[in-house]
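J.: As they're listed, the protein sequences go chains A and B.
In terms of our numbering, the first sequence opens at residue 11 and continues consecutively.
In terms of our numbering, the second sequence opens at residue 11 and continues consecutively.
It is worth saying that the hints were derived from the structure and are not from the lab.
Mixed in with the good hints there might be a few duds.
The list treats identical chains as one, so a pair stands whether inside a single copy or across any two.
[Stated by the list, open to error] EDC-like, lysine to aspartate or glutamate: derived pairs with alpha carbons at most 20 angstroms apart:
id, residue 1, residue 2
1, 136, 59
2, 136, 114
3, 152, 114
4, 48, 79
5, 136, 79
Number of protein chains: 2
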Amino acid sequence: MEETGAGPKGALRRALGGLRWERIDCLPYKEDGAAPFKGVSRQILFSGEPLESELRYFEIAPGGFTTLERHAHVHAVMILRGEGRCLAGEAIYPVRPYDLITIEPWAWHQFRADQAARLGFLCLVKARRDRPMLPDAGDLAKLRANPEIAAFLDGR
Amino acid sequence: MEETGAGPKGALRRALGGLRWERIDCLPYKEDGAAPFKGVSRQILFSGEPLESELRYFEIAPGGFTTLERHAHVHAVMILRGEGRCLAGEAIYPVRPYDLITIEPWAWHQFRADQAARLGFLCLVKARRDRPMLPDAGDLAKLRANPEIAAFLDGR
Chain A
11 MEETGAGPKG ALRRALGGLR WERIDCLPYK EDGAAPFKGV SRQILFSGEP LESELRYFEI
71 APGGFTTLER HAHVHAVMIL RGEGRCLAGE AIYPVRPYDL ITIEPWAWHQ FRADQAARLG
131 FLCLVKARRD RPMLPDAGDL AKLRANPEIA AFLDGR
Chain B
11 MEETGAGPKG ALRRALGGLR WERIDCLPYK EDGAAPFKGV SRQILFSGEP LESELRYFEI
71 APGGFTTLER HAHVHAVMIL RGEGRCLAGE AIYPVRPYDL ITIEPWAWHQ FRADQAARLG
131 FLCLVKARRD RPMLPDAGDL AKLRANPEIA AFLDGR
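Here chain A stands alone, though its shape is the one from the complex:
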């Protein structure tokens, strides 16, 4: 994992264009592949113990989506590029650059890029955090009882 310490190469990581950075790898969204998602990349911009948090940049390809999940830790999100929608708890929000989204503890959440645009966003989390939980059949049934959420989850 990329450390906060700039080390011998200096304090600056230059932007390379297209929201890529020098000395920062573009990673798969999740390591294990067990959770459903589509077309998402991850770059770890800042991390390490001294900071007590991590700042990541995620990018979702057009029509893609992050995993529907929840957890105890908070997400603090700033949209950087593109257009999409976000499920946060029981509300769905259209999102565009520089919008700020707070995902509260245990709120179900998912980000979806529009069909015609990617969606890129910063996501700040604390360094020591719990693992996300996926919905079981009962959770999904409760979420889908709201027709707007059902349509969102089906990408409509």
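The hints should help you fit chain B onto chain A, whose structure is shown.
T.: The following block gives chain B in isolation, referenced to the frame of chain A:
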């Protein structure tokens, strides 16, 4: 101070344009006025105990600068708009949008906007952190022994 919790008004704080946000105050850079700086505003985008960190947006007017200071905690910075320069430790970096800068513990640092452009940047810090220290005459003499740093501090 603005809390992380979105509360009754929802998870979303919309961007208003010009890197201002709904329900986020544009504050003075420092409360006390004891430290030298010029033309800097501050907005607290995310904070509060659950996150264990704070994400702030600072904007420096053309020709302005932040306080020359150092401290034990780390700054994790992403430039969002404009052009300027940054002193980080003993190096000076030109900076432009999306560049990432790590300010290491106890590194002297200052951000300066160009004379013709503002400079806006995100700055991530841990929630519980030490207060900045200002340079004394001896510190300034050591910094100014490097002609490039002396020129930077003089805005040249």
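J.: Does each hint fit the structure? Answer for all of them.
T.: Each hint tested on the structure:
no.	hint	in the structure
1	136 - 59	both (10 angstroms within a copy, 10 angstroms between copies)
2	136 - 114	both (13 angstroms within a copy, 19 angstroms between copies)
3	152 - 114	within (18 angstroms within a copy, 47 angstroms between copies)
4	48 - 79	within (14 angstroms within a copy, 44 angstroms between copies)
5	136 - 79	within (17 angstroms within a copy, 26 angstroms between copies)
Checked against the numbered hints listed earlier, the structure breaks none of them; every hint is satisfied.
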